[in-house]
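Asks: The listed protein sequences derive, respectively, from chains A and B. Just so we're aligned: the first sequence equals residues 34 to 328 in my numbering. Just so we're aligned: the second sequence equals residues 151 to 306 in my numbering.
Please note: incorrect hints may appear among the correct ones.
Unchecked claim - Okay, derived cross-link-like pairs now, BS3-like style, lysine-lysine, Cα gap no bigger than 27 angstroms in a straight line:
| hint | chain 1 | residue 1 | chain 2 | residue 2 |
| --- | --- | --- | --- | --- |
| 1 | A | K100 | B | K173 |
| 2 | B | K284 | B | K303 |
| 3 | B | K231 | B | K241 |
| 4 | A | K72 | A | K103 |
| 5 | A | K104 | B | K188 |
| 6 | B | K303 | B | K256 |
| 7 | B | K187 | B | K173 |
| 8 | A | K204 | B | K173 |
| 9 | B | K231 | B | K219 |
| 10 | A | K72 | A | K100 |
| 11 | A | K103 | B | K188 |
| 12 | B | K188 | A | K100 |
| 13 | B | K173 | A | K103 |
| 14 | B | K187 | A | K100 |
| 15 | A | K104 | B | K173 |
| 16 | B | K187 | A | K104 |
| 17 | A | K103 | B | K187 |
| 18 | B | K284 | B | K300 |
| 19 | B | K293 | B | K303 |
Unchecked claim - Among the chain B residues that face chain A by a calculated CB cut under 10 angstroms, a handful are:
| hint | residue |
| --- | --- |
| 20 | T156 |
| 21 | F167 |
| 22 | W169 |
| 23 | F174 |
| 24 | V175 |
| 25 | M180 |
| 26 | L183 |
| 27 | V236 |
| 28 | V237 |
| 29 | A240 |
Please keep in mind that the hints were generated in silico from the structure rather than gathered at the bench. For glycine and all other residues, C-beta sits at the position ideal for the given N, C-alpha and C.
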Amino acid sequence: MASETHTSTEYIKHHLQNLTFGELPDGSLGLAQTAEQAKAMGFWSINVDTVAVSLILGAIFLYFFAKIAKKATLNVPAGGQNFVEMIIEFVDDSVRGSFTGRNPLVAPLALTIFIWIFLMNLMDLVPIDYLPGLATVLGLPFLKVVPTTDPNATFGMSIAVFALVIYYSIKVKGAAGFAGELALQPFSSTNPVIKGIFIPINLFLEGVNLIAKPISLSLRLFGNMYAGEMIFILLAIMGGSFAAASMGGSSVLFGTQILLSLAWAIFHILIITLQAFIFMTLTIVYLDMAHQEHH
Amino acid sequence: MNINATLIAQTIMFILFVWFCMKFVWPPIMQALSDRKKQIADGLAAGERGKQELEQASKSAADEMLIAKQKAAEILAQAEKRSSQVVEEAKGLAQEEGDRIVSMAKAEVEQEIVRAREALRQNVADLAVAGAAKILDREVDAKAHADLLKNIKAEL
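Could you build all of it, start to finish, from the sequences and the hints given here?
Replies: Written out as structure tokens, the structure is:
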């Protein structure tokens with residue numbers, strides 16, 4: 034909840050600011066103490082919280098899965114192995130269902146995307162002030178705990194996926210085939226002159242189509258998580274205003290926050306899983322399109 | 151909210167995670183899954199084989215049983231035949247024995263009759279002599295008339 038010294042605007046801004054490390058105005062390297070400082074750092078700065086949280090979550094995921102994988106047995110699986118196998122089979126089914134080519138990269142890629150995004154989204158369900166509060170105690174100016182509410186994280190993944198799409202498009206169809214796909218579709222003609230006229234139109238349409246893939250992929254995830262986080266923040270502000278309200282009003286507001294946060298969190302469980310699944314499925318579909326000679 | 155070098159860091163991290171997953175997570179688990187699938191398939195096949203063997207065994211057992219039943223029926227029939235033979239034989243023997251006893255009894259009776267007739271003849275002769283003596287009022291000398299009495303006896 035917002036403390037008495039914070040206004041609502043400050044509270045929201047505080048929650049939406051990443052802990053940024055870069056060059057401070059005085060020329061030294063350090064953590065930005067204000068949003069303006071963070072902005073002034075430009076491109077060559079790092080959101081420490083995003084990187085740290087996503088790294089820790091990715092490490093937890095890979096450690097757990099690799100540990101299970103190492104001692105995977107043929108016998109009746111128990112506990113963790115059961116869980117891991119269930120997820121792996123689910124991902125494998127999704128890949129088999131959507132991906133028609135043969136590529137050993139796609140399934141592990143899909144698994145990594147699904148679990149990593151799910152874990153990063155899951156951080157949204159940690160009560161909103163716990164970790165930033167702890168950071169304040171530790172002397173850190175900001176802490177944004179949900180990496181997927183940072184566009185850097187979502188764009189980072191979608192750019193990698195986009196690079197793979199381009200790479201496999203060129204590898205499977207050849208550079209000429211890929212260029213042809215961009216230039217000779219969707220409008221085509223048997224007359225060479227009209228065909229030539231169509232080329233820039235096709236290039237424009239297909240170019241937009243191609244660029245839209247990574248952007249929509251990352252913005253969909255970012256937007257959903259950002260909005261979800263925002264609602265948690267607003268609910269917290271509502272509960273937090275009990276400081277200004279009368280005693281009776283305060284307990285009502287406080288109780289309302291608990292109930293609404295609970296309801297939103299339960300609904301959010303669906304959203305975080307769904308968004309992770311959508312990101313994974315679209316990645317599979319895009320790579321499948323990259324592997325097809327004609328579509 | 152600013153786009154900055156975090157983007158690059160996240161991309162590199164993502165690529166490393168995918169690489170690690172592709173190297174150390176996915177293959178062993180898929181291997182275990184496919185191995186288990188194979189094991190289960192083998193087990194099912196073995197079960198199927200066992201079932202077939204059982205079917206065959208029960209079929210041959212039924213055949214054996216049928217043969218045994220037939221044999222038993224044969225033996226039974228033979229035994230019945232033999233027993234009826236024995237009964238027939240016994241009947242024949244009994245008949246013979248009975249016949250023998252009856253004929254023996256008959257012979258005895260004949261003898262008895264002959265003997266009784268002899269005795270009766272004697273008695274009648276005596277009676278006749280006594281009667282004659284009374285009629286003649288004198289003693290008849292039995293010795294003197296022995297021939298006569300013998301004749302009478304023979305006529306009786």
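Asks: Indicate, hint by hint, whether the structure satisfies it.
Replies: How the hints compare with the structure:
no.: 1; hint: A:K100 with B:K173; in the structure: 13 angstroms, holds
no.: 2; hint: B:K284 with B:K303; in the structure: 19 angstroms, holds
no.: 3; hint: B:K231 with B:K241; in the structure: 15 angstroms, holds
no.: 4; hint: A:K72 with A:K103; in the structure: 45 angstroms, violated
no.: 5; hint: A:K104 with B:K188; in the structure: 18 angstroms, holds
no.: 6; hint: B:K303 with B:K256; in the structure: 26 angstroms, holds
no.: 7; hint: B:K187 with B:K173; in the structure: 22 angstroms, holds
no.: 8; hint: A:K204 with B:K173; in the structure: 22 angstroms, holds
no.: 9; hint: B:K231 with B:K219; in the structure: 18 angstroms, holds
no.: 10; hint: A:K72 with A:K100; in the structure: 41 angstroms, violated
no.: 11; hint: A:K103 with B:K188; in the structure: 20 angstroms, holds
no.: 12; hint: B:K188 with A:K100; in the structure: 23 angstroms, holds
no.: 13; hint: B:K173 with A:K103; in the structure: 12 angstroms, holds
no.: 14; hint: B:K187 with A:K100; in the structure: 21 angstroms, holds
no.: 15; hint: A:K104 with B:K173; in the structure: 15 angstroms, holds
no.: 16; hint: B:K187 with A:K104; in the structure: 17 angstroms, holds
no.: 17; hint: A:K103 with B:K187; in the structure: 18 angstroms, holds
no.: 18; hint: B:K284 with B:K300; in the structure: 19 angstroms, holds
no.: 19; hint: B:K293 with B:K303; in the structure: 15 angstroms, holds
no.: 20; hint: T156; in the structure: 4 angstroms, holds
no.: 21; hint: F167; in the structure: 5 angstroms, holds
no.: 22; hint: W169; in the structure: 9 angstroms, holds
no.: 23; hint: F174; in the structure: 5 angstroms, holds
no.: 24; hint: V175; in the structure: 4 angstroms, holds
no.: 25; hint: M180; in the structure: 7 angstroms, holds
no.: 26; hint: L183; in the structure: 6 angstroms, holds
no.: 27; hint: V236; in the structure: 70 angstroms, violated
no.: 28; hint: V237; in the structure: 72 angstroms, violated
no.: 29; hint: A240; in the structure: 75 angstroms, violated
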